[in-house]
Amino acid sequence: MSTVPVLLRHNRIRLALHELRGGEGRPLLHLHGLAERSPAAVPAHLAGWPGPVWALDLSGHGDSDVAIGGGYFCEALMGDVDLAIGHLGAVTIYGRGLGAYVGLLAAGGRAELVQGTILADGPGLAGGGPTPGSPAVASAVSPPPPGGTPDPWALYELTRDVRPPDYATTYVRQAASRSGLDTPISVVGVTRPPWLEEVAAEPGVLECTLPEALEMYATV
Amino acid sequence: MSTGEQVEEQVTYPGARPPDRQRTVDSSGLRIAVHEWGDEAAPPLLLAHGGMDFARTFDVFAPLLADSGFRVVSWDHRGHGDSEHAALYSWEGDLRDALAVFDSVSPHAVPVIGHSKGGSLMLQLADALPHRVSHLINLDGLPSRRSFPDVSDHQRTKLLAQELTGWLDHRRRLVDAQRRPGTLDELADRRGRMNPRLERAWLRYLVSVGARLDPDGWRWKIDPTIRFGGFGPWRPEWSMMRLPDIGVPVLAVLGTEPDPLGWGTLPADVMSHMPPGGRLEVLEGAGHFLHIEQPAAVADLVVEHLA
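Read top to bottom, the protein sequences are chains Y and Z.
Using our numbering, you'd call the opening residue of the first sequence number 279 and step up by one each time.
Using our numbering, you'd call the opening residue of the second sequence number -5 and step up by one each time.
In isolation and in its complexed conformation, chain Y is listed as follows (with noise of 0.2 Å):
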């Protein structure tokens, strides 16, 4: 890994892009999951790429600003990932957990530039649900750890976004119009919150093993 990030700026946040293996080719572009940060290597189950390996911390995470008074939201955190795409051009994304749900929105909100987007399991996959549950206000969180991240507002605000399916489906429809692959999106994690499970369901995407999606997307 080189221990310099690129740094990126979406609106008053500094997002660290670390590079873990260079190369030729298209990268894949790694995103970690809630309360983690991106790996230090490029991870054994992700050395078949043959292309550069890329990872993303995301607001609040890893070597990423934290937002001041919180406000986490997983669009934005698509925009995290739009600036990645921004200084890569177009990438193949595997996501773990939020990464998961935040990859699949930056799928089909730049689907042009994402070529095959893998979910996996993770920390934060389920998010707070299909539908808003019963409302709370928190006044505050436990302090943050040292070096400030994973930011605890994060870990609030990213437990209890609502997700629903058919949100999560509107942007498999994007990319399956729009990236022209016909498997733009693939699962290979064993857990299924509703969004994944009709995620899963829909059209251009395809259950398989990881070695499977990389393969396959490594050919596109």
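Worth flagging that the hints you see were computed from the coordinates, not collected in a lab.
The following label-pair restraints were derived from C-beta to C-beta distances: (1) Z:ARG194 x Y:ALA368: 48 to 54 Å; (2) Y:PRO472 x Z:ALA36: 48 to 54 Å; (3) Z:ASP210 x Y:ALA325: 50 to 56 Å; (4) Z:ASP239 x Y:ALA319: 49 to 55 Å; (5) Y:GLY326 x Z:ARG184: 53 to 59 Å.
Note that the Cβ used here is the ideal one computed from N, Cα and C, for glycine as well.
Given the structure of chain Y, go ahead and fit chain Z onto it with the hints provided.
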């Protein structure tokens, strides 16, 4: 006169009174500007503005309530008015900031008024923290499904593609964002496009209290990264579904006139969700900004409701 030659102008408006006190409250590290009218020892009444507004839009309405014997407390949502510009804006953040203001006023239940988005926020706060709200008054802040017409699947896919691309392109440009400067009258004109029913004199007054005079002209104080329209999974019925939960006296007020920034909510939409004892008043001839168009009438309704 070019924008570079402008001097700060004292603009007044009949009935408008600046706040008696201004202070700030810390909300998780963000500075939230608070404005108060009336005797500090009087019973408090919290007042939440709508999206793209600011507390000083209550400069006529709030004094009427204060003169009726209340300590009126309003605040600028994060990024709006004199409050600090934030890195992120969200419903959760706005609710949390509101609670910080509540905590600075009283730990006990207080009456609350909310206009437009402020009304929806206060409705959710009252549902989440019923022990902190004694009366709930909602001024055209109840979005209904009717506001969002159906379109075909194909159209929806195409519209969403444009919306997504537009939103992402906007997010990429945020780092360089600046509000467009102009003369006081140009800013009033721009505001008037969003608020066609409001008097020009009022719009000019709003510029004088809601914008700042930079060397190259007037600029609205609101964070340039904030723009109209939300984005995400929210749907209007998620607000309305809170209303039946409310156990304190509820007053909802709607206007009869269509307005670009209004929700288009009809009385029947509200009454089907009104909790027992809740009351709906419909103000003839008023648009979305009913507390600005008919401040005395709305203030009378509020005072009567709180009596």
